[in-house]
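A.B. asks: Put chain B on the given structure of chain A with help from the hints.
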Amino acid sequence: MFEGWNAVVLARAQFAFTMSFHIVFPAFSIGLASYLAVLEALWLWTGREVFINLFNYWLKIFAIAFGMGVVSGIVMSYQFGTNWSAFSDKAGPVIGPLMAYEVLTAFFLEAGFLGVMLFGLERVGHRLHFLATLMVATGTLISAFWILSANSWMQTPAGYAVNAEGQFVAADWFRVIFNPSFPYRLVHMVLAAYLTTAFVVGAVGAYHLLRDSHLAGPRVMFSMAMWMAMLVAPIQIVAGDQHGLNTLEYQPAKVMAMEGHFTSHPDGAPLILFGWPDQAAGKVRYSVEIPKASSLILKHSLDAPLNGLDTVPRENWPPVPVVFWSFRIMVGIGFLMLGIGVLSLYARWRGLLYQWRGLHLFALAMGPAGFIAVLAGWFTTEVGRQPFTVYGLLRTPDSASPLAAPAVGSSLLAFVIVYFIVYAAGLTYLFRLMAIPPHHGEQGPRGDIPARAAGITPAAGVAAAGSVG
Amino acid sequence: MTAMIDIATVWAFIIAFAVFVYVVMDGFDLGLGLLFPLFPAKADRDVIMNSVAPVWDGNETWLVLGGGGMMAAFPLAYAVLMPALYTPMVAMLIGLIFRGVAFEFRWRTTQSQRNRWDLAFAGGSLLATLAQGIALGAILQGIHVEGRQYAGGWWDWLTPFSILTGLALVVGYALLGATWLVMKTEGALRDRAYHLSWSLLFAMLGAIGAVSIATPFLHVQYAHRWFTWPNVILTAPVPIAVVAVTVLVLRSLAAKQDYRPFFLTLLLFALSYAGLGISMWPYIVPQSVTIWQAASPENSQVFMLFGVAVLVPLILGYTAWAYWVFRGKVTPGSGYH
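Residue numbers (this note's numbering), protein chains in the order written: chain A, 1 to 469; chain B, 470 to 806.
Chain A with its partners taken away, still in its complex shape (with noise of 0.2 Å):
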């Protein structure tokens, strides 16, 4: 099998396959961390019960989500060493170290401290156990920290040399890590997660409001998660103007894929809204245009000149229709983001932020609207990379391993089969627990399974922990 295929073009439909399952996973643990962090602290400031009940509730929903991300992630790792070492060679003294901090500053944090979070309430107390779940949200944003960094400067490069054995070395590790790109995506990535936790946070608390309108827990869900939807839409959409910017100034190629731009327009180039990119042919069909639109966005003037792909040798394109339509579904979502952020604040306003059928259906349907915004954005970034893994510097097929295509083409194989049974059961899993919603007393993790719940009781940990003598 797989005979004849490129190896290449395998490995990275691997990587796309993999990273895209495992990216759905950091994306909703980054923002879900530092919920449930907001959601104790609201509890132990306020005493309210309706705090717990959330936080138990969505612990459960953690748990199972940082368990999938943990195992998707330790294939990741693995994968730049399997799939991609040539790649691993050259860059790895300076991509590697960003890794290696990652793990030492961020993933051990996490798991060191999400057993306490998981399973220690009683154990150890509120103030440790509120500390232990501060550490596990603080972890996930530093791992967000280094492994953007290290995406980043594949991205823009900078603060590196190349030794005599052609591998590519730090200069200057403050370049390396703060790269032109770096603190852009940060903030672009940072907020996404944050929004795509609050639309699933949201779309929960919507189910449950559709049936009964009065439950306590959805209605706190549903309200913080609409003032997300209201304050950070806009201001990622701020960000994501930002960052296009950047890519623009040290990525124009990407940018030109992303506008749909293969001719330069010297007296200001047209926004293109819909169309199909023609790659073979170098041109959009059927486009929907706005004049001059384009420069105004990227150049703030209405007759800047634009150059398009034209301008760069045809061996260096990305894949435009890829880039194009990606970027488009990111954009649209992020409006419609700021669209249901607006009209909540009406709802709001009006006194029917809890009773409003058609708000709670929206809200109830962009409930995946957060992951498909983060594939797609990355999508539009990692492709607009191509046909380099190192922007400019080391082409893709330079960077991968030497491998027959059978070896790659049958780990592919097996990774779509382990991930289609492993990713079935746990979005089983995982709708179960959102389908029903938070109750007065609800239990973390372990709790709510009756054969085990004789043992409850507090003076059960504490004859436990005194057993050890």
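Watch out, some of these pointers could steer you wrong.
Unchecked claim - For the chain A half of the interface with chain B, some residues (derived, Cβ under 10 Å), not all of them:
{"#": "1", "residue": "63"}
{"#": "2", "residue": "250"}
{"#": "3", "residue": "276"}
{"#": "4", "residue": "403"}
Said to hold, decoys possible - Residues of chain A placed beyond 12 Å of chain B at every Cβ, according to the derived structure:
{"#": "5", "residue": "308"}
{"#": "6", "residue": "356"}
{"#": "7", "residue": "426"}
Said to hold, decoys possible - Some chain A residues flagged as far from chain B (calculated, every beta-carbon gap over 10 Å):
{"#": "8", "residue": "118"}
{"#": "9", "residue": "240"}
{"#": "10", "residue": "305"}
{"#": "11", "residue": "310"}
{"#": "12", "residue": "321"}
Since the hints were made in silico from the structure, they are not lab data.
Where a beta carbon is used, it is the ideal one built from N, C-alpha and C, also for glycine.
C.D. replies: Just chain B now, with coordinates in the frame of chain A:
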């Protein structure tokens, strides 16, 4: 250049340390998966699972550090070894996925489906353990390198020796799992684990013996390293210590002690691991790439060394705290809530 030599050596020990901590920590929790089929009762399985649920992902983080650290500190070795060990690595990852998700999934489902996730937990643990052991054997037997790349096929790892090391690791992890249960459980469950510990201990001693006898035949350099004068002054203490620790394990088991069998088994692992180190040194890809050839530039290794020096003690500290919070015997009903 002398500074380069020193820091590459330091990093070789750091990576070796990370991998050893991984073997120690994930060893017993993979071992529990291996023993799962021998404990069919749901109540027993709940207790077994709960005895590691709060710490398992911390344990696996050491594997990420081993891999990520190797990419950073010895990128050439990482780039050669991973394609050479392609199939075992993919198998290990898939095994770890199944057993990892089973920790959460089996609590969220019905009886019949729970049995399926129990199977995933056991099967995933077996697959991951076998793959790790086979990878170890494949590294020891040598890897075909040309230039800066792996130059063999994708089935080169499969030999009788690598199968032997795969099975040896299964036995070893199962013993760690059994002695862990002796330490962490009570009553009938502990008794079963106790009896298993005896037979697994003898199996492990046999496995150590078999791998030790086979290794010198792989490469004349290995035999040279172990058996020629004056090397033997340095190498002889290892087998002598193995015998001494074996006596201690036997005595602690005979005395039905709670803690000692587990920690003494860890000591056996440490000695076997030291033996591997003696065979391999100073190669990171045996007989073709030394740690100095594979080392990343000094400024990469120095940059990370700051982090390791500050953070690893911190990590060991809060990891120890997490184990302390969940210390003591795990009994049905008094599990973690």
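A.B. asks: Confirm or reject each hint.
C.D. replies: Results of checking the hints against the structure:
For residue 63(A), the shortest C-beta to C-beta distance to chain B is roughly 6 Å, which falls under 10 Å, so the interface hint holds. Hint status for residue 250(A) relative to chain B: violated, with the closest Cβ pair at about 24 Å, above 10 Å. Evaluation of the residue 276(A) hint against chain B yields a violated restraint, the C-beta minimum of about 38 Å exceeding 10 Å. Interface hint status for residue 403(A): upheld, as the beta-carbon distance to the closest one in chain B is roughly 6 Å, under 10 Å.
For residue 308(A), the condition that its CB be more than 12 Å from all CB atoms of chain B holds, with the nearest at approximately 38 Å. The Cβ of residue 356(A) sits about 33 Å from the closest Cβ of chain B, beyond the 12 Å cut-off, so the non-interface label holds. Not every CB of chain B lies more than 12 Å from the CB of residue 426(A), the least distance being 6 Å, so the non-interface label is violated. The claim that residue 118(A) lies off the interface is violated: its Cβ sits roughly 7 Å from the closest Cβ of chain B, which falls inside the 10 Å cut-off.
Distance check on residue 240(A): its Cβ is at least 30 Å (rounded) from any Cβ of chain B, clearing the 10 Å threshold; non-interface status holds. Distance check on residue 305(A): its Cβ is at least 42 Å (rounded) from any Cβ of chain B, clearing the 10 Å threshold; non-interface status holds. A cut-off of 10 Å between C-beta atoms confirms that residue 310(A) is not in contact with chain B; the least separation is 38 Å. Annotated as non-interface, residue 321(A) keeps its C-beta farther than 10 Å from every C-beta of chain B; the closest such distance is 31 Å.
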